[in-house]
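Start from the sequences and build out the full structure, keeping to the hints where you can.
So the protein lines, in turn, are chains G and P. Residue numbering for the first sequence follows the numbering used here, starting at 1 and increasing by one per position. Residue numbering for the second sequence follows the numbering used here, starting at 115 and increasing by one per position.
If you are wondering where the hints come from, they were derived from the structure by calculation, not from laboratory data. The C-beta atom is built at its ideal place from N, Cα and C for all residues, glycine as well. One or more hints might be untrue.
Pulled a few chain P residues facing chain G out of the computed Cβ check, cut under 7 angstroms [said to hold, decoys possible]: (1) Lys156; (2) Gly157; (3) Leu158; (4) Leu161; (5) Leu163; (6) Tyr190; (7) Lys211; (8) Gly215; (9) Thr216.
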Amino acid sequence: DGGITQSPKYLFRKEGQNVTLSCEQNLNHDAMYWYRQDPGQGLRLIYYSQIVNDFQKGDIAEGYSVSREKKESFPLTVTSAQKNPTAFYLCASSIGQGAGTEAFFGQGTRLTVV
Amino acid sequence: KQEVTQIPAALSVPEGENLVLNCSFTDSAIYNLQWFRQDPGKGLTSLLLIQSSQREQTSGRLNASLDKSSGRSTLYIAASQPGDSATYLCALGGFQKLVFGTGTRLLVSP
Chain G
1 DGGITQSPKY LFRKEGQNVT LSCEQNLNHD AMYWYRQDPG QGLRLIYYSQ IVNDFQKGDI
61 AEGYSVSREK KESFPLTVTS AQKNPTAFYL CASSIGQGAG TEAFFGQGTR LTVV
Chain P
115 KQEVTQIPAA LSVPEGENLV LNCSFTDSAI YNLQWFRQDP GKGLTSLLLI QSSQREQTSG
175 RLNASLDKSS GRSTLYIAAS QPGDSATYLC ALGGFQKLVF GTGTRLLVSP
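Dropping the structure here:
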């Protein structure tokens, strides 16, 4: 089945620790995105990538890093510099960016600081 | 800066009712508008995509309209069912990203 797979579903992070969230897609999409969702707020864009080996910061990139070494993979690292990382993280992909591109989402990773 | 508002924030209806969810936005320079459904603790499921040049899209019991001149979109759900209970999000498609509203939480009672 084509789709977007995020892992793990639940992740616990200790203070000062870096953690990496996985996102894999087999839709052959060029563009991939990471969003953060907090209660009572809309989804906010962390990073996006239009093509392999290229990515741009979104609205709330501080404390996060990404890589795009393969078309199908876009991992997100939450670093110790992110002061409030507890949230629900969603990965998405689309054929491209711009007009007419429908976005598809994974099932999310819930990150909790312990 | 694009701002997206969804009203009401929560809605409770009995099964069988027809209902309308609203989405308003401030910048009409959009590429498309997408409606999503989100179940608790889950990701987003795409329901309908309306291109900027279109006025509406239909899928089964769902119909979404787009009026860029007034900055509004509506999602119409016909003959609601308990399985429709979820949070519904609208998102405006710009060149590089989607801008989301905060959603309408819908509860359909049997």
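Broken hints, by number: When the structure is compared with the hints, numbers 4 and 6 turn out to be violated.
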